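Participant: Could you put together the complete structure from these sequences and hints?
From first to last, the protein sequence lines are chains A and B.
With the numbering used here, letter number 74 in the first sequence gets 74, and the count goes up by one each step, no holes.
With the numbering used here, letter number 5 in the second sequence gets 5, and the count goes up by one each step, no holes.
FYI, nobody ran anything at the bench for these hints, they're computed from the structure.
This one's a predicted model, so the numbers in the text were calculated from it and none came from an experiment.
A couple of the hints might just be wrong.
[Said to hold, decoys possible] Restraint ranges, calculated between C-beta atoms of paired labels, are given here:
hint, chain 1, residue 1, chain 2, residue 2, range
1, A, T245, B, Y222, 49 to 59 angstroms
2, B, G180, A, A96, 55 to 65 angstroms
3, B, R67, A, L14, 51 to 61 angstroms
4, B, Q168, A, E198, 18 to 28 angstroms
5, B, D140, A, E198, 28 to 38 angstroms
6, A, L296, B, R148, 27 to 37 angstroms
7, A, V162, B, G117, 31 to 41 angstroms
8, B, G110, A, Y285, 49 to 59 angstroms
9, B, E208, A, G114, 39 to 49 angstroms
10, B, N118, A, L103, 25 to 35 angstroms
11, B, H151, A, W244, 37 to 47 angstroms
12, A, R111, B, G180, 38 to 48 angstroms
We put the beta carbon where it would ideally sit given N, CA and C, even for glycine.
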Amino acid sequence: MKSSLNVSAFVAALVVAGLVLLPVYSNLTGNIFILTLFTRIVILALAAVSLNLILGYGGMPSFGHAAYLGIGGYAVGILAQEGIGSGYAQFAVALAASAAYALVIGALSLRTRGVYFIMITLAFAQMAYYVASGLARYGGDDGLTIYTRSDFGSLISLSNRVQFYYLCLACLLATVFLIWRIVNSRFGLVVQGLRSNEQRMQAIGFPSKRYKLVAFVIAGTLCGLSGALLANNTDFVSPAVMYWTRSGDLMVMVILGGMGTLVGPVIGAVVYLLLEELLSQITEYWALIMGPLLLLIVLFGRGGIMGLLGRLNRG
Amino acid sequence: MAEPLLRVDNLVRRFGGIVATDHVCLDVAKGEIHAIIGPNGAGKTTLISQLTGHLAPHGGSVYLAGRDITAMPAYRRCALGLARSFQITSLLPDFTAADNVALAAQAHDGSSFRFFGNARKERGLRDAAHAALARVGIEDRADVPVARLSHGEQRELELAVALATRPQLLLLDEPMAGLGVTESAEMVKLLAELRREVSIVLVEHDMEAVFALADRISVLVYGRIIASGTPDQIRANDEVKRAYLGDQHVVVKHG
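Facilitator: This is the structure we're talking about:
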């Protein structure tokens, strides 16, 4: 047990070190593309980490998590369009709107479980997608171009590639730290207990729905942060970021990396998005290779990459 | 007469056309062990589930210490001092024994909306957990994941979890189910000790255990209570013999 923990910790440290040093590599080799690619990976890893709180630790398979990417993104885009360029205002609205949406959707969908929960979260996200498509003033189907990135004054410039990358990475690491504290806290143990046996938790005196709802809201809010960063990264937001396939991507990242593990979703996001990038350079039918590959990992690597690492070490 | 700790008044629960709980009346005094016996399918677990709030009755009322709890959700009944063990072991399989009990202690120790401190390092909760594990005699298995405990240990852990909620009334649904002879004897000894601290409703098939422990016994057949009284009265009751003990003498001897 102990040595398997060490392998996971070692890999986690390696990934973090790699992410921290990436801009140095990019600078030395003059490879700007890799920095752009990894900015996107880090942002989506943040979204996957937030999903892992409810999917992995809480056992709530939300199939509508990409909705928050859109809400966070549109908060930035719409405010920018209306002349409010302050990053503080934009990010505050992005987080608040995501939290409010999660509160409403959670209160409704947590009355169900299993397949019904999957379907209802999916349905709400698709609703958000169609609402965004109908926003004619903000680009509708075509999306909304963001002409100036969120303005944080002299503190940090989001237009500077390296500074922006480090901002995203800091947000990711802070989120991982937060999740780490949460899952070991009283609240976190209750949420994991509910995944394990909800009836038992009610019998020892926990009002289960409340705890699940709070976890759902925390996850949604953190994903809203990811959405605000994503919009800044692409200088653009469109309904497509909320499409159900995007929610599916996030789920795959979490499952691939290892549900209910701290850094699993980060590793899952890195591997998934790198594979997507590499395979799509080889052939335009990259999905034909990606699909079976993911199937193999899910079928034979129970517990995802983190699970594999653990077994590799024990065996 | 003083208000009994638990009073069940004309409780009714139907499943389709079947009346699983048929106008059941029952009371449990403070400090009493009240056993409910009856053949398989008599509706014992259905009755327990209505007492704990996992199942809503279609008629009648349940009072705990004089308070009407009929419509109260399970978690609030638990806060009032009602704890249960499950017939089919129901624990948190991916947690350790100590975690299972500590969570029960946590449920009754202030708010669980704390997001930052490490709950596994909270002295008070860990001490309570170890005390409850020691009470049922499995303290040395505290750090073993539930999935790797033996069946007997899991039954004992069920009891420790219920005790950690500091109940006034324990509802035990077949605590001896699946235990070997020695394990059963230990459980009887444990329950005999516990009666000084807590009132118990005991649903059990092990007749030897029931007659050794119970102050009063109620016999449930097809959802109805056909007799209620001291062990001696139940033993002498003709209707009980016909309806239950007679048919199922194998069970009686098996104990």
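Participant: Find the hints from earlier in the document that the structure breaks and name them by number, from lowest to highest.
Facilitator: none
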